[in-house]
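There are 2 protein chains.
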Amino acid sequence: MNVSEYMSKLGQQARDASRVLANCETAQKNNALVAMADAINQGRAVLKQANQQDLDAGALKGLSPAMLDRLELTDARIDTMVEGLHQVAGLSDPIGGITDMDYRPSGIQIGKMRVPLGVIGIIYESRPNVTIEAASLCLKSGNAVILRGGSEAIHSNTALAQCISAGLEKAGLPATSVQVVEITDRDAVHQLITMPEFVDVIVPRGGKGLIERISADARVPVIKHLDGNCHVYVDAEADIAKAQRIAFNAKTRRYGVCNAMESLLVHESVAKAFLPEIARMFAEKGVELRGCELTQDLIDCETATEEDWYLEYVAPILAIKVVASFDEAVAHINKYGSHHTDAIVTENFTTARKFLRAADSSSVMVNASTAFADGFEYGLGAEIGISTDKIHARGPVGLIGLTSQKYVVFGDGHIRES
Amino acid sequence: MNVSEYMSKLGQQARDASRVLANCETAQKNNALVAMADAINQGRAVLKQANQQDLDAGALKGLSPAMLDRLELTDARIDTMVEGLHQVAGLSDPIGGITDMDYRPSGIQIGKMRVPLGVIGIIYESRPNVTIEAASLCLKSGNAVILRGGSEAIHSNTALAQCISAGLEKAGLPATSVQVVEITDRDAVHQLITMPEFVDVIVPRGGKGLIERISADARVPVIKHLDGNCHVYVDAEADIAKAQRIAFNAKTRRYGVCNAMESLLVHESVAKAFLPEIARMFAEKGVELRGCELTQDLIDCETATEEDWYLEYVAPILAIKVVASFDEAVAHINKYGSHHTDAIVTENFTTARKFLRAADSSSVMVNASTAFADGFEYGLGAEIGISTDKIHARGPVGLIGLTSQKYVVFGDGHIRES
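One line per chain: the protein sequences are L and P, in this order. Each residue of the first sequence is one higher than the one before, starting from 1 at the first, in UniProt numbering. Each residue of the second sequence is one higher than the one before, starting from 1 at the first, in UniProt numbering.
These are computed hints drawn from the structure, not numbers from a lab. Beta carbons are placed, not taken as given, at the ideal position from N, Cα and C, and that holds for glycine. Please note that the accuracy of each hint is not assured.
[Claimed, not checked] As a list, the in silico DSS-like pairs of lysine-lysine whose alpha-carbon atoms are at most 25 Å apart:
{"hint": "1", "chain 1": "L", "residue 1": "Lys-242", "chain 2": "P", "residue 2": "Lys-335"}
{"hint": "2", "chain 1": "L", "residue 1": "Lys-272", "chain 2": "L", "residue 2": "Lys-285"}
{"hint": "3", "chain 1": "L", "residue 1": "Lys-112", "chain 2": "P", "residue 2": "Lys-335"}
{"hint": "4", "chain 1": "P", "residue 1": "Lys-112", "chain 2": "L", "residue 2": "Lys-112"}
[To be verified] With the C-beta cut set under 8 Å, the calculated list includes, among others, these residues of chain P facing chain L:
{"hint": "5", "residue": "Gly-96"}
{"hint": "6", "residue": "Thr-252"}
{"hint": "7", "residue": "Lys-272"}
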């Protein structure tokens, strides 16, 4: 069987399984999730053995220590997987819920029912825990899923797939509800993203390069997350203490995350009151500052170039710009930002209200740290990713983002007269 | 300026205009819509002159009478445009509404704000009224739009564009909020669907061939409507009189619409009671029937081939199949149907409930005619099209389908502790 035949087979099996999942009861899905957790818990030895194969191959291949670390299945990480499966089992089931059953003048009653998307393809890098996370969220939302993890994790993922199948079968669900692509051929990804007859949506998780390539080649909709170039704008009427607390948290809570602040905008009228102290705080924490000319007049820092405003550093580096007005701040955010998460710090009601409308970002915040942009913090219960698109899902994507709605119409023999 | 430069210019202008539209007040949009209506009403002579140019060129080119009819701007059609603009002005504005502002354990308050998609590209055939319909819906939903109508309507569309610009300017909105592509070069379509930096979504309106080509080549999400192969399934426990009324209406109300029934499925236990009378009704109306073997045992009709089950006739033809079970009916609908609109006729509560889940269609109906699948009948106030996709919008697409939601987060200096 060649790659194309293999992927079509997975696709057809996923499509068939999706019909069963769309109609199954909540308890059955939850039973499967708990049974998967049990299989993983009891299969630790086998999982770690398979993982060791990947680690050995990775070391031989010269993977970086950071990559090897992400690849490793420690006991603590296995615990987290088991716990995660129980948590997803505990989430409420979005599927089948009917809302807004209103009567129309014609006499029909119409509303919307939440339904699964069908088959989801997930493409991700060599982190085995994503296998379980993605599988559990897709299953809970009633979708079949095809998982294509990084080739460096192939043995770990194949072993996890066996735990998943065991759990599905125990609950009486098709083992093909969750399928791991068990060939490492690169063409498998191309096949996966170009079979709209079998796959309804692709969710890529990984670096920007990977996601851009997938988006360019896909023949299937992609829920994607590119950059997280987030801003905090300190307004003329900001409470300076709040602004310092928020800016410091938004930058330093974690550097490698997409909701970290990468550029700080400061209204000129408060720059003098705000910048020296925050610069001291950042210096103490080891954050490198790159400022515009006006910033450099007030604090000691590197020069920010035009390119800096576009950058997602994912590092202890921050660009700072002093702006002359609210409008300049908003224009800067909409031009250089990535439409991910942007915050204003202000005490002015009217300015806050204007910012909410004007900032074209998936999350717009007033007097809160960008670090809150996260599915769990937002109460979604889970997160498959953060979408920087506007179509279908925007911002943190939880179970609802993996669903659609269909119309349901009730009548009593009603026909349309005209 | 070549085609690519011309389209990029339109794209950049649309993007810039979209920033203004996203922030403007409802009254301003409504004023523009009413001013457009006035401009059209007062510009009848000019519009009809431009339309005559298109009609003359079309006649010379040998367009069919049906195409020439669709192209013609009669006084009645101009009245309908004027009325349509007033109606859209009267719809409530979806933009800016904030819902579900809930507090989270961290202390932040989070909800969702409805926002425009940004820039919409509409590609349609030679029906000038679509120019006004699409322009008004995009404007009301806060989106800038680039309209690419059929080349046969170029003079009519250019004249309408002037009325639109006049209306926008009178209301103080950018004239570039609505732009008509004023070159007929075919490459303009390709450009329009491959500039994600300027266009957020494409809505094609026209034949299946056009929509398939656009979907295949687009680098931008497409809200599309392919087939409308709708079914009515008459269950074992159907009220026969209701079933006859519904099936007759679903087929004969209009033949050329996407919500017309194309296949009729009948449970074997009621086939004898149901089929002869409905066959008589259809015969009287001149509808050609094509049946499976069991159908042919009961009524006089042509033979339905495997291919018939896939067909959207858009004509007075109907395929009829007798099925042995509910499951066979559902499997048939999900296999041969187009996931548009499918109805069951049954008095059984449990069967109805099962059908709602199992039929994978954008509209699922119980005891109502498929003819109701329509944005106006559903109370959307307007309809830009019907989506047979699951991503973003499914079923009739009104103003809401042209919008997205962003998260809004309020704090009081809140930071994320862990």
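Going down the list of hints, with the structure as the test:
This hinted pair does not check out: Lys-242 (chain L) and Lys-335 (chain P) have alpha carbons roughly 59 Å apart, beyond 25 Å. For a cut-off of 25 Å, the pair hint linking Lys-272 (chain L) to Lys-285 (chain L) stands: about 21 Å separates their Cα positions. Between the alpha carbons of Lys-112 (chain L) and Lys-335 (chain P) the distance comes to roughly 23 Å, so the proposed pair stays at or under 25 Å and holds. Of the supplied pair hints, the one linking Lys-112 (chain P) and Lys-112 (chain L) holds, its CA atoms being roughly 19 Å apart against a limit of 25 Å.
For Gly-96 (chain P), the interface hint holds, the least distance from its beta-carbon to any beta-carbon of chain L being 6 Å, beneath 8 Å. Interface restraint check: Thr-252 (chain P) against chain L, minimum CB-CB distance 10 Å, threshold 8 Å, status violated. About 21 Å separates the beta-carbon of Lys-272 (chain P) from the nearest beta-carbon of chain L, more than 8 Å, and the hint is not met.
Hint compliance for this structure: hints 1, 6, 7 are not met, and every other hint is.
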